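Listed in order, the protein sequences are those of chains A and B. Numbering (the UniProt record's numbering) for the first sequence: 1 to 170. Numbering (the UniProt record's numbering) for the second sequence: 1 to 258.
Simulated from the structure, these hints should not be mistaken for laboratory data. Here the structure is a predicted model, which is why all the values come from computation and not from measurement. Hints may contain errors.
[To be verified] A short list of chain A residues far from chain B (calculated; beta carbon distances all over 12 Å):
1) 4
2) 11
3) 21
4) 33
5) 70
6) 72
7) 106
8) 138
9) 152
10) 154
11) 168
12) 170
[Said to hold, decoys possible] What the simulated footprint calls covered on chain A by chain B, stretch by stretch (three residues with Cβ under 8 Å from a Cβ of chain B suffice, anywhere in the stretch; the number is not a length):
13) 75-83
14) 89-101
15) 143-149
A virtual CB, placed ideally from N, CA and C, is assigned to each residue, including glycine.
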Amino acid sequence: MPVSEDIVWQWLSEIPDPEIPVLSLTDLGVIRDVTWQDDTLVVTVTPTYSGCPATAVINLDIETKLLECGVSKVRLEQQLSPPWTTDWLSEAGREKLRAYGIAPPVDGTRSDGSSAGRLARMTGQGDFQVACPRCGSENTEKISQFGSTPCKAAYRCRSCLEPFDYFKCH
Amino acid sequence: MASATDLIANDIQFEWLLRRGDTALVLGHRVSEWCGHSPVLEEDIALANVALDLIGQARMWLSLAGEIEGQGRGENELAYLRDAWDFRNFLLAEQPNGDFGQTLMRQFLIDAYQVPMLEALKGSKDERIAAIAAKAGKEVAYHLDRSADLVIRLGDGTAESHRRMQQALDALWSYTGEMFVSDAVDTAMADAGLAPDPASLKAAWQETVDAVLDQATLTAPEDEFAHTGGLTGRHSEHLGHLLAEMQFLQRAYPGATW
């Protein structure tokens, strides 16, 4: 009798994200399904960004972990649709990010490439504020649209003057 | 949802998928050439991340192309073991980086096209095409935010940055028309409900380009002449040089992995 899927989810929640180790893979929301097909455990994973180099490491880490837990037959399946979104980031994950010094995504601010968004950015009206994860101030500014990984942008706090990463709404 | 295979010949789908995949791959490689050379660290990181997204998108399109072709070729064989005449990217994507302004202008002109293209593809009757478009579309929307913002800031910046942005626009403009030319492949894909007719994307592209250039105080050339040939494998000399660098390792050490 194979272990229950709940236990598998528990194991998966112990695997850290390779680039932001304070988050687990389940916090990140990249595990879409866990199911047994006969004696094979099928884990369905969705990539965060198309070219994120962590994707291959994530797959390897899942296989390694499950083998360590005694599951001998594992199959990983990639699922593109629906595309990964930061809406799937767990509440616990958001708090862990903040405590780690990364501002969590501000929901509802994902880019749609529209000219309305551009106008808001250019005029500063309707643009959103990202709170500094260190001092909580909302007096912050974007330095660059990309940070140390594809999922982040670079910000600076005008109150405590510290730079920080912002986990973009995607 | 129907599979495209039921609707239209495989060789037509293969051609069309190469256009998507090769444009992403060649542009992604071009942008990656900046890694370690950008004017400031933040832009170096941004360019590398844009390149990563594009190369990731190329992998999805080329994997599907290989699957549809059914000859055992995957993303790697298609990327590394074809010569220039088998590539189907837009000529605009292979144009050299030039200065930072020219790289950004090229990015903007293509991003402004990719946003409506991918949006339309989300409604493709082939669910695999729709899934890739939904994934890539989110990334490209963000790329457009960045490239448009920087075109505006540099165009409407100093006299020198304005001069360079106008020069970039003048140099690249004649490569934009190719993106809206429809041929038999496009017509077949459009008739089957798999992809939009490229000509139908022109209005949305033009609207974005006009608005951004206006804010950037830049003027598009009036000449409508368009270089074409990328979609049938007749490329500028630049692609061969790009491939020589990109493919060197697999050509010199076939099958090498690490």
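Okay, the hints, checked on the actual structure:
no.	hint	result
1	4	30 Å, holds
2	11	27 Å, holds
3	21	20 Å, holds
4	33	16 Å, holds
5	70	30 Å, holds
6	72	26 Å, holds
7	106	14 Å, holds
8	138	21 Å, holds
9	152	9 Å, violated
10	154	6 Å, violated
11	168	8 Å, violated
12	170	6 Å, violated
13	75-83	holds (count 4)
14	89-101	violated (count 0)
15	143-149	holds (count 7)
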